[in-house]
Amino acid sequence: MTAVNKKNKPKRQGFTFEVLSYHIMLLPGMILLIIFSIIPLFGLLIAFEEYVPAKGILGSKWVGLENFSYMFLIPDTIQVIKNTIIIAVAKIIAGIFIPVIFALLLNEVRNRFYKRLIQTVVYMPYFLSWVILGSVFSTMLSLDGIINNFIQAIGIEPIMFLGSNTWFRPVIVITDVWKNFGYGAIVYLAALTSVDANLYEAAAIDGASRFKQLLHITLPALVPTIVLMTTLSLGNVLNAGFDQIFNLYNPLVYETGDIIDTYVYRMGLVDLQFSLGTAVGLMKSVVSFGLITISYFLANRFAGYKIF
Amino acid sequence: MVRSKSISDHVIDIISYIVVTIMAVSCILPILNTVAISFSDKSAAQAGIVNFWPVDFTLSSYQELLRDDLFFTSFRNSVIRVIVGGLINLVLTVLMAYPLSKSKRYFPQRNMYMWFLVFTMLFNGGLIPTYILINNLHMLDTIWALVLPGAVPVFNVIILMNFFKNLPDELDEAARIDGANPWIIMIRIFIPLAVPSIATVTLFSIVNHWNAFFDGIIYINSSSKIPLQTYIQQLVVEIRDTSMLTPEEILRISEVSSRTFNAAKVFVTMVPVLIVYPFLQKYFVTGLVMGSVKG
Numbered sequence: 030m031t032a033v034n035k036k037n038k039p040k041r042q043g044f045t046f047e048v049l050s051y052h053i054m055l056l057p058g059m060i061l062l063i064i065f066s067i068i069p070l071f072g073l074l075i076a077f078e079e080y081v082p083a084k085g086i087l088g089s090k091w092v093g094l095e096n097f098s099y100m101f102l103i104p105d106t107i108q109v110i111k112n113t114i115i116i117a118v119a120k121i122i123a124g125i126f127i128p129v130i131f132a133l134l135l136n137e138v139r140n141r142f143y144k145r146l147i148q149t150v151v152y153m154p155y156f157l158s159w160v161i162l163g164s165v166f167s168t169m170l171s172l173d174g175i176i177n178n179f180i181q182a183i184g185i186e187p188i189m190f191l192g193s194n195t196w197f198r199p200v201i202v203i204t205d206v207w208k209n210f211g212y213g214a215i216v217y218l219a220a221l222t223s224v225d226a227n228l229y230e231a232a233a234i235d236g237a238s239r240f241k242q243l244l245h246i247t248l249p250a251l252v253p254t255i256v257l258m259t260t261l262s263l264g265n266v267l268n269a270g271f272d273q274i275f276n277l278y279n280p281l282v283y284e285t286g287d288i289i290d291t292y293v294y295r296m297g298l299v300d301l302q303f304s305l306g307t308a309v310g311l312m313k314s315v316v317s318f319g320l321i322t323i324s325y326f327l328a329n330r331f332a333g334y335k336i337f
Numbered sequence: 032m033v034r035s036k037s038i039s040d041h042v043i044d045i046i047s048y049i050v051v052t053i054m055a056v057s058c059i060l061p062i063l064n065t066v067a068i069s070f071s072d073k074s075a076a077q078a079g080i081v082n083f084w085p086v087d088f089t090l091s092s093y094q095e096l097l098r099d100d101l102f103f104t105s106f107r108n109s110v111i112r113v114i115v116g117g118l119i120n121l122v123l124t125v126l127m128a129y130p131l132s133k134s135k136r137y138f139p140q141r142n143m144y145m146w147f148l149v150f151t152m153l154f155n156g157g158l159i160p161t162y163i164l165i166n167n168l169h170m171l172d173t174i175w176a177l178v179l180p181g182a183v184p185v186f187n188v189i190i191l192m193n194f195f196k197n198l199p200d201e202l203d204e205a206a207r208i209d210g211a212n213p214w215i216i217m218i219r220i221f222i223p224l225a226v227p228s229i230a231t232v233t234l235f236s237i238v239n240h241w242n243a244f245f246d247g248i249i250y251i252n253s254s255s256k257i258p259l260q261t262y263i264q265q266l267v268v269e270i271r272d273t274s275m276l277t278p279e280e281i282l283r284i285s286e287v288s289s290r291t292f293n294a295a296k297v298f299v300t301m302v303p304v305l306i307v308y309p310f311l312q313k314y315f316v317t318g319l320v321m322g323s324v325k326g
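Taken in sequence, the protein lines are chains E and F.
Residues in the first sequence are numbered from 30 upward in steps of one, following the numbering used here.
Residues in the second sequence are numbered from 32 upward in steps of one, following the numbering used here.
Hints should not be assumed to be uniformly reliable.
To be verified - Straight-line Cα separation of at most 30 angstroms, DSS-like style, residue types lysine-lysine; simulated pairs:
id : chain 1 : residue 1 : chain 2 : residue 2
1  : E       : Lys84     : E       : Lys111
2  : F       : Lys313    : E       : Lys335
3  : F       : Lys256    : E       : Lys335
4  : F       : Lys133    : F       : Lys256
5  : F       : Lys313    : F       : Lys196
6  : E       : Lys111    : E       : Lys313
7  : F       : Lys133    : F       : Lys73
8  : E       : Lys335    : F       : Lys73
9  : E       : Lys84     : E       : Lys313
10 : E       : Lys335    : F       : Lys133
11 : F       : Lys73     : F       : Lys135
12 : E       : Lys144    : E       : Lys241
13 : F       : Lys313    : E       : Lys144
14 : E       : Lys90     : E       : Lys313
Calculated directly from the structure, the hints in this document are not laboratory data.
On a predicted model such as this, the values are computed, not experimentally measured, just so you know.
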């Protein structure tokens, strides 16, 4: 390829065929985004109305913030927000801790073929849907499922995991970590490939054991990535994972397992309380939007992270 | 340099091999359990004595599956959805990622579009307003309700855009001097170079379309049009929520349903993803790393 001298670059003028082409390329996608992402924003108006489908969004009665004040009078709402935050925060902590441990240990595995094999296996659950896994886990965790078989074999009474308010949250967090830890480890493994091998050699000459090297070279190399991932996960404090909960919960565990998204679904599309459901959803979106903005700001400030 | 390993070094070795092996095995066992149940005899499965190997091996649940018309109808629906939705995603992702990869110098409005994309990713109307829109567009109970709302996978656009961005500017400039227009440059030069990245994002959207179930629940009413994951979802919930059913319904379900039969359905639903997975795995790690390189 010929190197192009900077001075030979064509001069940019106002609106060229090139710029027009770029706009045209973006047009179909932009139209679809406007229809399906922007127009529904006007639908958020129903959170401030007493929406009746027959009257439409513009014809329904305006009630201001009534839905929002009513929302907090329902005891369920508070419980649901509490459940969401507890589950989401537990998932965030476990979802950073376990992948980091896994990446550190996998980094110690010297056999390349074995390493690749392990990676292939642990990434896989990420690509299976919660419908499938919901079915797999409900079978495994049922009273005559494989888990209870083992529990009974060591002499403990069988546990109804998915019907117990004590066990539901731990099951949710553990199965979530199970599905995602391999995939989550990718960023840490990528960070470890850039560690200078000379560091290990120098440490070995100085007599540092493998454990010392792990502690003083490998782990510090991961710290920036850990900080970044923690910051970015701040935006997920209200995302407890709809697909997973929806496929594993049942009325017995609403008390501990019902989260904002499932609550909005049942309130809005099952009980047809459109306005109230939208109000709860809007509250979640606004808080999440604020959290994500803060987290990006922090990530940008302290880790130089850029969205685009 | 040869150093004799100390005992603690061996301990580290042993611990890492054991722990990563346990973690990897734990990823397979649930799937193995499902496969074992699907090939087991009904009574053994109902008694809960199947672990990771079929008990009284039989193909009867798969024979039963072959007679289940609704399963195949929804399987076909899902295949159509993957093809239509995947194609729409593919075309729109490329068409959006390419112009956005141009610098402000060549495309002055680029950042405006970028902020718009980021906004749509962070803030949306949510479940109910989107449902009302789909209803008003008369798309309920059609495939369009499943493929159009997610027609632009913004995250994929950003991954592919970063890939395009990392290709040398000189490619564009040389072609420009030779008189090629932006469309020719995109189709003849940039797309062929981006095949691995395009394959990654396309495989991602294929898997997403295959795995989606919730839009099928809310937008599709006729049982002949539901996608496979929605079909499986309803099947599983039906069985779990027997408390909410009438005695007649419970009776019907206990007659038609069985653990082995469901395990067979779940496994067959998993198979397409397991087939695509090796291809996906080949690309997605590099795809992700590329996507994370911000320029």
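Results for each hint:
A threshold of 30 angstroms between alpha carbons decides the hint, and for Lys84 of chain E with Lys111 of chain E the separation of about 35 angstroms lies outside it, so the pair is violated. For a cut-off of 30 angstroms, the pair hint linking Lys313 of chain F to Lys335 of chain E stands: about 27 angstroms separates their Cα positions. Pair hint Lys256 of chain F plus Lys335 of chain E does not hold up; C-alpha atoms about 42 angstroms apart against a cutoff of 30 angstroms. Between Lys133 of chain F and Lys256 of chain F the CA atoms are separated by roughly 41 angstroms; this puts the pair beyond 30 angstroms, and the hint is violated.
At most 30 angstroms may separate the alpha-carbon atoms for a hinted pair to count; Lys313 of chain F and Lys196 of chain F meet this at roughly 22 angstroms. Taking the CA atoms of Lys111 of chain E and Lys313 of chain E, the gap is near 13 angstroms; set against the 30 angstroms cutoff, the hint holds. Among the hinted pairs, Lys133 of chain F with Lys73 of chain F is inconsistent with the structure: their alpha-carbon atoms are about 60 angstroms apart, more than 30 angstroms. Simply put, Lys335 of chain E and Lys73 of chain F have alpha-carbon atoms about 55 angstroms apart, too far for the 30 angstroms limit, and the pair is violated.
At most 30 angstroms may separate the alpha-carbon atoms for a hinted pair to count; Lys84 of chain E and Lys313 of chain E meet this at roughly 26 angstroms. Simply put, Lys335 of chain E and Lys133 of chain F have alpha-carbon atoms about 17 angstroms apart, close enough for the 30 angstroms limit, and the pair holds. A threshold of 30 angstroms between alpha carbons decides the hint, and for Lys73 of chain F with Lys135 of chain F the separation of about 65 angstroms lies outside it, so the pair is violated. Taking the CA atoms of Lys144 of chain E and Lys241 of chain E, the gap is about 22 angstroms. The hint holds against a cut of 30 angstroms.
A threshold of 30 angstroms between alpha carbons decides the hint, and for Lys313 of chain F with Lys144 of chain E the separation of about 15 angstroms falls inside it, so the pair holds. Annotation: proposed proximity of Lys90 of chain E to Lys313 of chain E holds, straight-line Cα distance about 23 angstroms (limit 30 angstroms).
Of the numbered hints given earlier, the model fails hints 1, 3, 4, 7, 8, 11; all others are met.
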